[in-house]
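> In order, the protein sequence lines correspond to chains P and G.
Note that UniProt numbering has the first sequence beginning at 1, numbered continuously upward.
Note that UniProt numbering has the second sequence beginning at 1, numbered continuously upward.
Any given hint could turn out to be false.
Using 27 Å as the maximum straight-line C-alpha spacing, the simulated BS3-like pairs for lysine-lysine come out as follows [what the hints assert, rightly or not]: (1) G:K55 with P:K84; (2) P:K363 with G:K101; (3) G:K133 with P:K60; (4) G:K139 with P:K363; (5) G:K55 with G:K89; (6) P:K60 with G:K55; (7) G:K100 with P:K354; (8) P:K275 with G:K89.
On the chain P side, residues computed to face chain G include the following (Cβ under 7 Å) [said to hold, decoys possible]: (9) T66; (10) T69; (11) P254; (12) L341; (13) P347; (14) E348; (15) T349; (16) E352; (17) K354; (18) A358; (19) L371.
Since the hints were made in silico from the structure, they are not lab data.
C-beta atoms are modelled at their ideal positions from N, C-alpha and C, and glycine is treated no differently.
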Amino acid sequence: MLSRNIRFLARRYSQAVTFRTTECSPSQHNENQIGLFYSLNNDLCKQLFAHGGLPKSYMKQTKTFTETTLMVRLPALEIMNCIKATDFDKPAIRYLLYGEIGAGKSLTLAHLLHYAYEDGYLIVHVPWVSEWLRRVPRHKEMSNSQTHEGFVDLPLDAAAWLLHFKMQNQAHLKKGDLKISKEYVWSKREKTPQGAPLAELVEHGITRVKYSCDVVDALVNEIKILSNSKQCKTFVAIDGFNTFLYPLTRLRTPTKKKVAPEEVTLTTSFMELTKNDWVNGVIVLTADQLGVPPEHQESHLPKYLLYKKGFEHIDPFVPVEVGRYSEREFFSCASYYRDRLWLRGPPETEGELKLASACNPYKFMEMCAPL
Amino acid sequence: MSNIAHKIGPLAKCVLQNSRLNLWSTLTQYRFYPRPTSFPDYFQNPIFRKEDQAKLIENNELARIAAVPVKPPASYETSSVYHDPLVSKLINHVMKMGNKKLARNLVEKSFENIKRIQIERYHLASTPEEKAKIILDPKDILYKAIENSKPLLQLLPIKRGGITYQVPGPITDKRSLFLAIKWLLEATNDKERTVHFPEQFAWELLDAANNTGKVVKRKQDLHRQCEANRAYAHYRWQ
Numbered sequence: 001m002l003s004r005n006i007r008f009l010a011r012r013y014s015q016a017v018t019f020r021t022t023e024c025s026p027s028q029h030n031e032n033q034i035g036l037f038y039s040l041n042n043d044l045c046k047q048l049f050a051h052g053g054l055p056k057s058y059m060k061q062t063k064t065f066t067e068t069t070l071m072v073r074l075p076a077l078e079i080m081n082c083i084k085a086t087d088f089d090k091p092a093i094r095y096l097l098y099g100e101i102g103a104g105k106s107l108t109l110a111h112l113l114h115y116a117y118e119d120g121y122l123i124v125h126v127p128w129v130s131e132w133l134r135r136v137p138r139h140k141e142m143s144n145s146q147t148h149e150g151f152v153d154l155p156l157d158a159a160a161w162l163l164h165f166k167m168q169n170q171a172h173l174k175k176g177d178l179k180i181s182k183e184y185v186w187s188k189r190e191k192t193p194q195g196a197p198l199a200e201l202v203e204h205g206i207t208r209v210k211y212s213c214d215v216v217d218a219l220v221n222e223i224k225i226l227s228n229s230k231q232c233k234t235f236v237a238i239d240g241f242n243t244f245l246y247p248l249t250r251l252r253t254p255t256k257k258k259v260a261p262e263e264v265t266l267t268t269s270f271m272e273l274t275k276n277d278w279v280n281g282v283i284v285l286t287a288d289q290l291g292v293p294p295e296h297q298e299s300h301l302p303k304y305l306l307y308k309k310g311f312e313h314i315d316p317f318v319p320v321e322v323g324r325y326s327e328r329e330f331f332s333c334a335s336y337y338r339d340r341l342w343l344r345g346p347p348e349t350e351g352e353l354k355l356a357s358a359c360n361p362y363k364f365m366e367m368c369a370p371l
Numbered sequence: 001m002s003n004i005a006h007k008i009g010p011l012a013k014c015v016l017q018n019s020r021l022n023l024w025s026t027l028t029q030y031r032f033y034p035r036p037t038s039f040p041d042y043f044q045n046p047i048f049r050k051e052d053q054a055k056l057i058e059n060n061e062l063a064r065i066a067a068v069p070v071k072p073p074a075s076y077e078t079s080s081v082y083h084d085p086l087v088s089k090l091i092n093h094v095m096k097m098g099n100k101k102l103a104r105n106l107v108e109k110s111f112e113n114i115k116r117i118q119i120e121r122y123h124l125a126s127t128p129e130e131k132a133k134i135i136l137d138p139k140d141i142l143y144k145a146i147e148n149s150k151p152l153l154q155l156l157p158i159k160r161g162g163i164t165y166q167v168p169g170p171i172t173d174k175r176s177l178f179l180a181i182k183w184l185l186e187a188t189n190d191k192e193r194t195v196h197f198p199e200q201f202a203w204e205l206l207d208a209a210n211n212t213g214k215v216v217k218r219k220q221d222l223h224r225q226c227e228a229n230r231a232y233a234h235y236r237w238q
């Protein structure tokens, strides 16, 4: 038993497969590092992904592996190269990540978020749209909107998102050079004056949960104005964007009326943000099959998932497919798992797993679990 | 056709008896059919592992059994690297109402849990000696757990003079394996409703592999009972 372990250890270290790169800054990643893992700083991870952003199963892995690593993959690199070559005086370009379930769309988005963070963008990141529209816990906080007639507010979700926004943009908000352009009156006694820092607006949304949806709406407008006036550049990332466009949500009003996504105030705000009527920004969206109910998961292609309405809404967009692992990525991942003690067994196991998982990253991870 | 097979059946049995005995000793694995099958009993059990096939070729026994009809292997009898007879046996014991998919899922989940717990321990351990002591392979843990929970004796109720005595006696390997798995599963199912099977099963396996826990205690209790009843041992043959 012991000798066998030693034999495996010896084999593991004798293998000259490199699966790690020491380059920790995403802006320096290039084609040579495709398939290699780079590790994220723990504090940064907490700051960027504390309120969601990494899938739950991946969070579990990071705990077991005692580190957070991301694989450098082609789709992320392509988008980064595009962003580097973008003329920021032109309307914001929209990128759409699509791919099979478990192909790594969310992790590609995480890689891009890290890039945006390093590059000093103002990050507007929605971790998972279904969390708002499709996940209904026993007591979902819902109320009719005061400002928009016939609309539904999700105050708690909006407040949680504002907290997430605050966490991700600590640096920008602390500096305080982002000012709001007009006065917002919330009630008789509460108002946010013109020229107040953006942080005050966010803080108001968090403390006065009742107004959080309106604050999100105001925030979106302000971000657009700030970007247009070149005070900051903005990186918008929405995971599971297609959930906004599915005809129905799982929400019900107290009168049991079914709610369409257009009738939710958060939807309107973020749909406003994904229009390309503003400059100095980057918009990355993902279309995910898991964001819609199982009877409408027939295809992972954007045209099917976004419907005609959504497709036209984001029409001039750059579709980027996140595919399965290539041969090189697969073996790099396998040796990473071996290094983290996640995968064990004779070397033939890899070949078999490659066949059985069809190189799908998530399936591969799952299949390694009981081995 | 079936008539002929019927007539040939016993005859073929006699002829094959000799070779079969040899085969039995070489083959540890065989497909066990609980009910009569459509296969006449001169059909051989399939040899599906690559290692076993290599052994056959090495011993030049392949030519001898090449012409013998063979039963088809079951869907779970594969030559895959991660096939394990004990694990598939365990899955069959966990299975209820023929829901094998769920049973396999549960067992795999518990293996995953074991792995996570052990890897965490591995990272927590400070010295290399401690690290080397931790078994990381869940299958090794399972083997060790079952080895530790297998009883060596059993109590048989035997009626003598109108009184039923619990008489200690030897136990077959197969029955002790059965009891070990049964006890492990019973210990697992004796849990809070909120704790899930894979979690509890992982803990039971880890406990048993560590020679502690409910199952090992149950085995020791049985041994103690056997020891206490040794005075009745002669009832086995009298």
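> All hints, please: hold or fail.
Each hint tested on the structure:
Between G:K55 and P:K84 the CA atoms are separated by roughly 61 Å; this puts the pair beyond 27 Å, and the hint is violated. Between P:K363 and G:K101 the CA atoms are separated by roughly 16 Å; this keeps the pair inside 27 Å, and the hint holds. Taken as a hint, the G:K133 and P:K60 pair is honoured in the structure, with Cα atoms around 25 Å apart against an allowance of 27 Å. Distance hint between G:K139 and P:K363 is fulfilled; the C-alpha atoms sit about 21 Å from each other, no more than 27 Å.
For the hint pairing G:K55 with G:K89, the CA-to-CA distance comes to about 23 Å; that is within 27 Å, so the pair holds. Taking the CA atoms of P:K60 and G:K55, the gap is near 43 Å; set against the 27 Å cutoff, the hint is violated. Distance hint between G:K100 and P:K354 is fulfilled; the C-alpha atoms sit about 24 Å from each other, no more than 27 Å. Restraint check for P:K275 and G:K89: the C-alpha separation of about 58 Å exceeds 27 Å, so the hint is violated.
Because the closest C-beta pair between P:T66 and chain G is about 5 Å apart, less than 7 Å, the hint holds. The beta carbon of P:T69 comes no nearer than 15 Å to any beta carbon in chain G, farther than 7 Å, and the hint placing it at the interface is violated. Taking 7 Å as the C-beta cut-off, the interface hint given for P:P254 is violated, the closest approach to chain G being about 31 Å. Using the Cβ-Cβ criterion of 7 Å, the hint placing P:L341 at the interface with chain G is satisfied: the shortest such distance is roughly 5 Å.
Residue-level restraint check for P:P347 is violated (minimum Cβ-Cβ distance to chain G is 9 Å; threshold 7 Å). The restraint placing P:E348 at the interface with chain G holds, with a minimum CB-CB distance near 5 Å, inside the 7 Å limit. A least Cβ separation of about 5 Å between P:T349 and chain G falls short of the 7 Å threshold, and the interface hint therefore holds. Taking 7 Å as the C-beta contact cut-off toward chain G, the hint placing P:E352 at the interface holds, the least distance being around 6 Å.
Residue-level restraint check for P:K354 is violated (minimum Cβ-Cβ distance to chain G is 12 Å; threshold 7 Å). Annotation: P:A358 was flagged as interfacial toward chain G, and the flag is violated, the nearest CB pair being 16 Å apart, outside 7 Å. At its closest, the beta carbon of P:L371 sits 6 Å from a beta carbon of chain G; the interface hint therefore holds under the 7 Å criterion.
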